[in-house]
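Undergrad: Chains U, E, F and H supply the protein sequences, listed in that same order.
The numbers in my numbering rise by one with no breaks, and the one at position 98 of the first sequence is 98.
If you count the second sequence from 1, you need to add 1000 to reach my numbering.
If you count the third sequence from 1, you need to add 2000 to reach my numbering.
If you count the fourth sequence from 1, you need to add 3000 to reach my numbering.
Please note that the accuracy of each hint is not assured.
Here are the simulated PhoX-like cross-link-like pairs (lysine-lysine), alpha carbons at most 25 Å apart as the crow flies [stated by the list, open to error]:
| no. | chain 1 | residue 1 | chain 2 | residue 2 |
| --- | --- | --- | --- | --- |
| 1 | U | K351 | U | K268 |
| 2 | U | K393 | E | K1107 |
| 3 | E | K1268 | E | K1393 |
| 4 | E | K1192 | E | K1268 |
| 5 | U | K268 | E | K1268 |
| 6 | E | K1058 | E | K1107 |
Counterexamples of contact, computed for chain H against chain F with all Cβ distances above 12 Å [stated by the list, open to error]:
| no. | residue |
| --- | --- |
| 7 | G3128 |
| 8 | E3141 |
| 9 | Q3264 |
Every beta carbon over 12 Å from chain U, so not counted as near; a handful from chain E, in silico [what the hints assert, rightly or not]:
| no. | residue |
| --- | --- |
| 10 | E1276 |
| 11 | V1280 |
| 12 | E1282 |
Note that these hints are calculated values from the structure, not bench results.
Idealized CB from N, CA, C, for every residue including glycine.
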Amino acid sequence: MTDLTAYRNAARAWIESRIAEFGRDARRGLSPAEDLALGRRYLRAKYEAGYSGISWPKENGGQGLSPTEKLTFDREEILHGFPTEYFSISLGMPVPIMLRYLPDGWKQERAIAALRGDEIWCQLFSEPAAGSDLAALRTRAIQDPDTGDWVLNGQKLWTSWAHLADYGVIVARSDPGVAKHRGLTYFWVDMKAPGVTIRPVTLAAGDAHVNEVYFDDVRIPDAQRLGPVGGGFGVAMETLIIERYSATDPAANGPSIARAIADATRMKRSGRALIEDGRVRERIARNFATQAALAAIHRRALLSLEAGTQPGSEGAIHKLVSVRNRQRLSEFMIDIQGVSGVQWNEQATRKDDWATSWLTAPTGRIAGGADEMLLNTIAERILGLPQDHRPDKGVPFNEIPG
Amino acid sequence: MTDLTAYRNAARAWIESRIAEFGRDARRGLSPAEDLALGRRYLRAKYEAGYSGISWPKENGGQGLSPTEKLTFDREEILHGFPTEYFSISLGMPVPIMLRYLPDGWKQERAIAALRGDEIWCQLFSEPAAGSDLAALRTRAIQDPDTGDWVLNGQKLWTSWAHLADYGVIVARSDPGVAKHRGLTYFWVDMKAPGVTIRPVTLAAGDAHVNEVYFDDVRIPDAQRLGPVGGGFGVAMETLIIERYSATDPAANGPSIARAIADATRMKRSGRALIEDGRVRERIARNFATQAALAAIHRRALLSLEAGTQPGSEGAIHKLVSVRNRQRLSEFMIDIQGVSGVQWNEQATRKDDWATSWLTAPTGRIAGGADEMLLNTIAERILGLPQDHRPDKGVPFNEIPG
Amino acid sequence: MSVLFDEAQLQIADEAQRLLTAHYSGERLKTYLLGRGTFDRELWALFGAQGWTAICYPEAFGGLDLGLLELGLVAEACGAAVTGVAALTSSFALGQALLRFGADEQQNHWLPQLAAGSAIGAIAFGEGQDMLPDAPALRLEGGRLSGMKPAVTAGGIADAAIVLAQGENGPVLALVDLAQPGITRSLLDTFDNSRCTADLTFVDVEARELPGATDAPAGAREILRLLAVIVSFEQVGGAQKMLTAARDYALTRRAFGQPIGAFQSVKHRIAEDYVLVELARANAIHAASCAGQPDFGLYAAAARISATEAYDGVSRDAVQVHGGIGVTWEADLHLHQRRARTLSVEAGPLIFWEDEVISQLQGAAQ
Amino acid sequence: MSVLFDEAQLQIADEAQRLLTAHYSGERLKTYLLGRGTFDRELWALFGAQGWTAICYPEAFGGLDLGLLELGLVAEACGAAVTGVAALTSSFALGQALLRFGADEQQNHWLPQLAAGSAIGAIAFGEGQDMLPDAPALRLEGGRLSGMKPAVTAGGIADAAIVLAQGENGPVLALVDLAQPGITRSLLDTFDNSRCTADLTFVDVEARELPGATDAPAGAREILRLLAVIVSFEQVGGAQKMLTAARDYALTRRAFGQPIGAFQSVKHRIAEDYVLVELARANAIHAASCAGQPDFGLYAAAARISATEAYDGVSRDAVQVHGGIGVTWEADLHLHQRRARTLSVEAGPLIFWEDEVISQLQGAAQ
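In isolation and in its complexed conformation, chain U is listed as follows:
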């Protein structure tokens, strides 16, 4: 038995022992506040069991192991629907990046508090006019020449869990007179500071975990700056690639293939099980083939990682393919239910319910890299095809036509 197998077995045993308390079934019917509290308890349990910050250095509260162990744990954990979503961005990007840039002491306190679920960090990047085109952001950071403090003014958008967050990392425009990606600076902010206003943004399916965050004369010391003045775009890019590779679900968190098979076997049309219909067979079989391929790509990426190779396009392929696939299959599975296919239980999860999966799929095709941006990434970085025409290239930000 390899070390990794032993690790996996131990992790699985621990995880399975937590299902009763923290698993999907335990969460049903909880209020948002109760669910968050359960999540904090789960993170504490995980911390105490030594499964937090698996690939972080020990001095930052981690376990000092490799990304392989982390992925091994995550792949087991992802199966059970534990209440980890509140913390995944926090621990995935903002905390690791601040650990890279801030001085020792305070940062370790924060890291441990975040690992234990006591504190949450959010990531304040996107804005109304800066989505795929992040460098177009308009939030201003003006430095007080006397104190060196910075004053933030502007609006961020799509900030997940901002309403729960204690701290955030933010990119803002410190110099509108230079090309757009060169005039940005990166900071961390206290989300409870005066002048920070958080408003929830409800999404189409009714869920409200993303927010608008307004900054009105929010003053922060220069010590909260990460990286050089004008170097914010680089730090932001560094933030986004910290999670080079994470555990993935080939079903994109939608219902499983087994569920599709079961539903199509149970349902009948003119007395015949729907699974006998070629249209149903084609959708499910091709979806299965694609999911099998994504799983195989993932396993090979893990092996590459163990062998010391950095992953390449796997993440982009996974996101592009899996969410579209989920959208299509969910749409189809609604269809074949007949007139009752319009039913929707607002409490159901996207993993449990075709309608919820279908309703929330469009978000998946946009958030965290829209399909079109993923295709550009693949085309440009992997295939070496030309970058798009970008008329704003090299133009000072304040001279780009709005």
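Following the hints, complete the assembly by docking chains E, F and H onto the known chain U.
TA: This is chains E, F and H only, laid out in the frame that chain U set:
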């Protein structure tokens, strides 16, 4: 009974009386030369019956009727596979454009000879480096300052029926020092003139009706110029839209839906007719729905034409949709035949045979307006979306990087 | 025969568009989405006042004696405005069933009310995954109805319904007055609650066969085809609206220094959507113009297929073109997404209409 | 378990690519397209000399005792070079059938020849539209074979074939030496004549059951799965080649003042094709690494589906990206288009493999 109905009935009666001599079955097994000769005989018969140049003025050998009568006739004629393909470009574009630009007398002689099938004109536009981007053409036309004659040098490509043609219309670059679409001039040429060399280009499915045409110091008098010097791009565009609307086959000249139904009904898998398989049903039903829509769009365009409105996007929609549809259905119909689906009779036509239809479909998606150009046309002209970035815009042709 | 609209038809279309655009309120529509059993009663009154409810009835019943095209144009305007009024089409379906197969007294009682918009109708044919079950589980015996019909559009608000039930000698179409004891309407939670979709349960309820529906499955199929054509127009209206929204957004939203409509991934997607809408529109008009002809069923099915492909496809794309804004509750795009999916399912999913096309093409080949 | 290739495997792949690239000639391939019954004998000799024909046989029969991955890598290189040698996969399929189900003397006679490449094998299971007919029309009675097998890949050149025939007590797998009187090979005109596809007609011909194939349909299915995995690698190789061709052309061909790869319609199409190839490659490798495991059949079917989607799709797109040049006889793209379609059909079309996935998923659910 309306006049148009009477016209249609008479046309149909005449056409049906010609099927035995000129129809699909009569052409089977003929050599290329025999088939061309049959085509010339058919055109003469048509001319003598008063069905040639239906919408042309009488002084040009036409019937002086409206486009509606022409389309009415064409829709009946298209059904029977008459040998008209050699003449369709000739009569569709080059002859009408030269009739607009040349002086009386000679041009009427040519028009009548073309209508009778005695002469054929071709259209020399595309080049190796100028396909979708027609204005990028490189064939040079240099004017002799003494005689006013023009000397043509260069290579044209994809010229349909050039090897049968008596005359051609050509666009060439008369001034490489100005923006690419402003330095072109338009001429007619004698295809038998010294210096004209024609080489057939065989296509992927083995058919050879397109050609490379080389011009080596071909000298033509200035009287063969159509339109002003430098105005060739405009005349070329005018040429391309002469056939604003022509008779169309929703099956894009591929096998019919009835053929798909018959084949899928005859063939069996595990004892069940393939038409019982949902995958087969979906393909055929959706293809039928799309073809029905194309036919309805066509009929409405005809009614609009009668009502005096110019057609809009119908041609682009038809070409974009019908050929892709044909390609997909043909590919699928090959599949469901099982192992024998690989069979291919090189003599079969795309109308008769799924394999031929599939093999020739890619040409249909490129020739006469590639899918991508049709989408641009729809997006820009109908929907008002921005033109693509074109770095060569306004740049003198000889300064555009190759 | 496909048609060009005449002046009167264009006037109906313009008026419907004008009124429905003026009436549109995303906020109000969202309250119907959230609240089961609510719909836009104010708008429904306008439908009656405008005579839109009367379009397809003979003058003798207070109707305008117009056809599918005219009603289709109103439905198209409704589709563009995602109106919270499922009754326009559900009442139409019931009315057409009565017109074709009803007894005189059934017609005399209901058709004037339907034409005036003072009564709301519904049809209830489907069970489980079957749109037209061969042997319905709902039973009609001795004039008494027992059993259940699932997910009946407008079932929560209808005054009467035509049901496809198993009679003593096979399937029958029967009219049931829904204001009777013994009927339970269970409003469903759906992703478009403005449809007032409900499971209808009948316990020994009076119902009367439509005497003209001697072949009940064929009769039900004919009604479903008529409904499909009108719903196709509604889908075309919604799809066109989403196309326009995507186009407009692509012209104004900028990224990387230019309107996003200058990127071919967006530009060509919208052009493809335009094509989907034009195909669907052509088929809807053609089907409507074929009413009463032998191949009406075939073209109704074709219209339905194209319309479903268009509305589902274009609304999916429009959301993608809008990016983050497109998936918010605030933006109204999800109203169209929900409505698109709802209309696709309610009036029979693609697999049903594909099968309809095939069986008719097979019939034609024999 | 998906695998990373080891040094030895990478060396096989590199060598195969190097030799086949050097050997590639579009002109020669076109002569095989045109001429029925011809194939690349010179290359076939190279296969033998390189030991590629020996990969999947035990050393006792002159084999290299390697596995599906190693043969898959050679097949991938063959796919990239559209080699005119159908025998690599057809011989493999026959050999695997003999290895698993053959009598000792059948193995001793044929396997060394197959491993050396001195004999060519074929399998003939399908009839009509059935890849694995329940009750084959071809009959084996008293050791004599009568009837026809249609469109047998390499049927025009094979020395022996395994047929799925109806025996006296149900379907059987039987080995038939094709150098016998009473056999007619009718070479078919196909869109890829280098496959030497032929209808094989047997009139009272000697054939012998494979004694180990006690469940002949299951045995035939197993052989078809093995074949599918190797063909999937071949399809991946072809798809990758077409992807590279499209990418390279998009970088060099200019229109409207820029490389056409700068237009997103081209750029994103190629990126989507890259994804198709990566999915197909992952599934092929995974299936090969599952050989002998209970879910091999499921992953073989998945590999086949992804590979067919990739090669058909990418070659279709590559032609479109090339524009006019792409559809000429002169350019070699149609070689790939024809091969893509041929491989898709020969080893069982998508509908067959979809059904295989479903039945196995259903089995797993029970």
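Undergrad: A separate judgement is required for each hint: does it hold in the structure or not?
TA: Quick rundown of the hints versus the structure:
1. U:K351 with U:K268: Holds, because 23 Å separates the two Cα atoms, which is no more than 25 Å.
2. U:K393 with E:K1107: violated (55 Å)
3. E:K1268 with E:K1393: Violated - the C-alpha atoms of K1393 of chain E and K1268 of chain E are around 58 Å apart, more than 25 Å.
4. E:K1192 with E:K1268: violated (56 Å)
5. U:K268 with E:K1268: Between K268 of chain U and K1268 of chain E the Cα gap is close to 23 Å, so the pair holds against 25 Å.
6. E:K1058 with E:K1107: This hinted pair holds, its Cα atoms lying about 13 Å apart.
7. G3128: holds (20 Å)
8. E3141: holds (39 Å)
9. Q3264: violated (4 Å)
10. E1276: The claim breaks: E1276 of chain E does not keep its Cβ more than 12 Å from every Cβ of chain U (closest is about 9 Å).
11. V1280: The assertion about V1280 of chain E is violated, with a minimum of 7 Å to chain U.
12. E1282: Label violated. Min Cβ-Cβ 5 Å, cutoff 12 Å.
Violation of the numbered hints given earlier is confined to hints 2, 3, 4, 9, 10, 11 and 12; the remaining hints are satisfied by the structure.
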